[in-house]
Amino acid sequence: MRCNHKCRVWFDSSNTGQRCSNNTTTIMNEPMSSPEETKLRTLLREARPSAELPPRFQENVWRRIERADESATFASRASWLDALAAWILRPQLAFALAAVLVLAGLVLGWNSGERSARSEAQARYLSAVAPNTLH
Amino acid sequence: MNRRSLTIVLLALGVGVALLATSFLVAQRWCARHVTSSADDLDWLRQEFRLSDAELARVRELHDGYMPQCAVMCKEIAAKKRELETALAGATNVTATAEGKLAELGALRVRCQTQMLRHFAEVSQAMPAEQGRRYLAEMQRITLGFHEQIEQSMSQSPAHEHGHH
Numbered sequence: 001m002r003c004n005h006k007c008r009v010w011f012d013s014s015n016t017g018q019r020c021s022n023n024t025t026t027i028m029n030e031p032m033s034s035p036e037e038t039k040l041r042t043l044l045r046e047a048r049p050s051a052e053l054p055p056r057f058q059e060n061v062w063r064r065i066e067r068a069d070e071s072a073t074f075a076s077r078a079s080w081l082d083a084l085a086a087w088i089l090r091p092q093l094a095f096a097l098a099a100v101l102v103l104a105g106l107v108l109g110w111n112s113g114e115r116s117a118r119s120e121a122q123a124r125y126l127s128a129v130a131p132n133t134l135h
Numbered sequence: 001m002n003r004r005s006l007t008i009v010l011l012a013l014g015v016g017v018a019l020l021a022t023s024f025l026v027a028q029r030w031c032a033r034h035v036t037s038s039a040d041d042l043d044w045l046r047q048e049f050r051l052s053d054a055e056l057a058r059v060r061e062l063h064d065g066y067m068p069q070c071a072v073m074c075k076e077i078a079a080k081k082r083e084l085e086t087a088l089a090g091a092t093n094v095t096a097t098a099e100g101k102l103a104e105l106g107a108l109r110v111r112c113q114t115q116m117l118r119h120f121a122e123v124s125q126a127m128p129a130e131q132g133r134r135y136l137a138e139m140q141r142i143t144l145g146f147h148e149q150i151e152q153s154m155s156q157s158p159a160h161e162h163g164h165h
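Chains A and B are the protein sequences, given in the same order. In terms of the working numbering, the first sequence is residues 1 to 135. In terms of the working numbering, the second sequence is residues 1 to 165.
The following block holds chain B by itself, in its conformation from the complex (with noise of 0.2 Å):
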């Protein structure tokens, strides 16, 4: 076999190869830069639902009204999950305080949600009849199907069937 020949095809192919991910890479790079460049929270809405720019700005006051609301829901839920915390703390059996405080995070949890799927609702109302029927839809699918995920592979588990203990 001619070692020249294979010398050759052998650069040709590294060569090949190197053009290939140099190009791939500056482009990949370039792209996530220049279109991940905006801090908006709201970007993705735009992109993914391609929203007008009335529609935005609807989207971005209802957006905006919710923040707040959310950001004192969190404080609440962090503090009582801390409440939660210390009454657990030390103790060998669940205590009727650590019960309450249980009990008080799932209302609050209830409360965070409920309010976080009325915002999509409405935000899913500000936009065109097709896109908001797949902005709720997949919004849904991300905050509870979370949870879904949960739930299922317990009661798939071996170890979570109830009755069988």
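With the rest of the complex left out, here is chain A (with noise of 0.2 Å):
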């Protein structure tokens, strides 16, 4: 079947046949080139403008990719710690982070404490008991 607005491409058959099937190119009604077709073909080929790469061209893609990584990391790195700051301002977690924190403190410093209030009872014994006079 012919498409109705004369683009020259056939209907997709296998589609439903609702639509052009835009991805096929092959002309299908025109019949075989002749020698003057393919002629002109060929230079029109060669008329089409090859635009010359500018220079550095290779360097400036490489740079360019290289610069869009890194701001994909920057950009990974700011939405990493504005994740950590939603997760902070969290109330319940905020709450639980400080209870967390205060109870660690109160059971380190209470140890702390412990030993030193032992080893200074130590001292006093000893000091009792075996003054320095001997050493």
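Hint data in this document are derived by calculation from the structure and do not stem from the laboratory. Just so you know, not all the hints are guaranteed correct.
As the list claims (entries may be wrong) - Each computed SDA-like pair below joins lysine to any residue, with the alpha-carbon atoms no more than 25 Å apart:
id	chain 1	residue 1	chain 2	residue 2
1	B	K80	A	S127
2	B	K75	A	R124
3	B	K80	B	G106
4	B	K81	A	T42
5	B	K101	B	Q113
6	B	K81	A	L126
What the hints assert, rightly or not - Covered stretches of chain B, going by a simulated chain A footprint (3 or more residues, C-beta under 8 Å):
id	region
7	2-14
8	17-31
9	41-51
10	57-68
To be verified - Derived DEER-like restraints, expressed as beta-carbon distance ranges:
id	chain 1	residue 1	chain 2	residue 2	range
11	B	A21	A	P91	18 to 28 Å
12	B	Q47	A	A104	22 to 32 Å
13	A	R115	B	G16	52 to 62 Å
14	A	N111	B	Q113	27 to 37 Å
15	A	A104	B	T86	38 to 48 Å
16	B	Q47	A	A83	14 to 24 Å
17	B	A21	A	Q58	12 to 22 Å
18	B	E130	A	R90	47 to 57 Å
19	A	R90	B	E48	13 to 23 Å
20	A	L108	B	R4	31 to 41 Å
Where is the CB? At the ideal position from N, CA and C, for every residue including glycine.
Please dock the two separately framed chains into a single complex, following the hints provided.
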């Protein structure tokens, strides 16, 4: 079947037949080209401008890729910090964290105080029974 | 990077550190004040060797009996040290008098140390067997270890190697 709007492309018969099959570029209704047409096509193909690459094109491309990578890393770091800040600002978590820190401080402080108190008590006993005059 | 997020994280860190430090210091001071509030010389023995009231009473009796003897020895040693200092004062050599005072001081120290070790042994016997052994070992380590350390440091020092002068 031919497309109605003269795009010279066959309908895709497998695809419910409602639209043009734009994927295919094969012009099906044309007969095999004549030698003139072939010549013309070759000429057209050759006439197509092939833009010259600017100087240091490849280097610049790599640089842009690297910059893009860097900004992606930076963005991911920023998003990580945002997530952490949001996590900290949750009231339940903030209170739980504060409670854990206070508890840890109390336990550590108690242990340290007990150790120093014990060592003071030992020093007091020793100074009573083994005075420094012996040393 | 979001400045606000960074500020929040840093602020949270600061608050966390402040909370930890404050609670640590408060607990440490409170514990030190309440545990060491007693001025009892035997408080360490009671805590460290988990003595019962009866055991502590027996140890206290021994301790109170020993303290006057210890004070007498201390006075004698202090007096002998003064005599030795007088004998050494102004002398460019070790005189016979100074040597005599040194020997007397040494003898006094031996007597004092013997008396002290005897007291430790008595106290250890007033404790439960295991605690008594631990107490005696600890007291010997502390009171005799000091001299051992000095002797070891002298024997290790190249300047004190005997026979190599």
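Checked hints:
1. B/K80 - A/S127: Holds - the C-alpha atoms of A/S127 and B/K80 are around 20 Å apart, at most 25 Å.
2. B/K75 - A/R124: The given pair, whose Cα atoms are some 19 Å apart, holds under the 25 Å limit.
3. B/K80 - B/G106: holds, 10 Å
4. B/K81 - A/T42: Measuring from Cα to Cα gives roughly 121 Å; hence the hint is violated.
5. B/K101 - B/Q113: holds, 18 Å
6. B/K81 - A/L126: The given pair, whose Cα atoms are some 22 Å apart, holds under the 25 Å limit.
7. 2-14: holds (count 7)
8. 17-31: holds (count 13)
9. 41-51: Coverage by chain A holds for the region 41-51 of chain B (7 residues, Cβ < 8 Å).
10. 57-68: As far as the region 57-68 of chain B goes, the hint holds, because 3 residues have Cβ atoms under 8 Å from chain A.
11. B/A21 - A/P91: 18 to 28 Å: For B/A21 and A/P91 the Cβ distance comes to about 23 Å; the hint holds.
12. B/Q47 - A/A104: 22 to 32 Å: At roughly 25 Å between Cβ atoms, A/A104 and B/Q47 fall inside 22 to 32 Å, so the hint holds.
13. A/R115 - B/G16: 52 to 62 Å: Distance hint for A/R115, B/G16 is violated at roughly 24 Å.
14. A/N111 - B/Q113: 27 to 37 Å: Distance hint for A/N111, B/Q113 holds at roughly 35 Å.
15. A/A104 - B/T86: 38 to 48 Å: Given range 38 to 48 Å: violated, Cβ gap about 59 Å.
16. B/Q47 - A/A83: 14 to 24 Å: violated, 49 Å
17. B/A21 - A/Q58: 12 to 22 Å: violated, 57 Å
18. B/E130 - A/R90: 47 to 57 Å: holds, 53 Å
19. A/R90 - B/E48: 13 to 23 Å: violated, 46 Å
20. A/L108 - B/R4: 31 to 41 Å: Holds: the Cβ-Cβ distance is about 33 Å, inside 31 to 41 Å.
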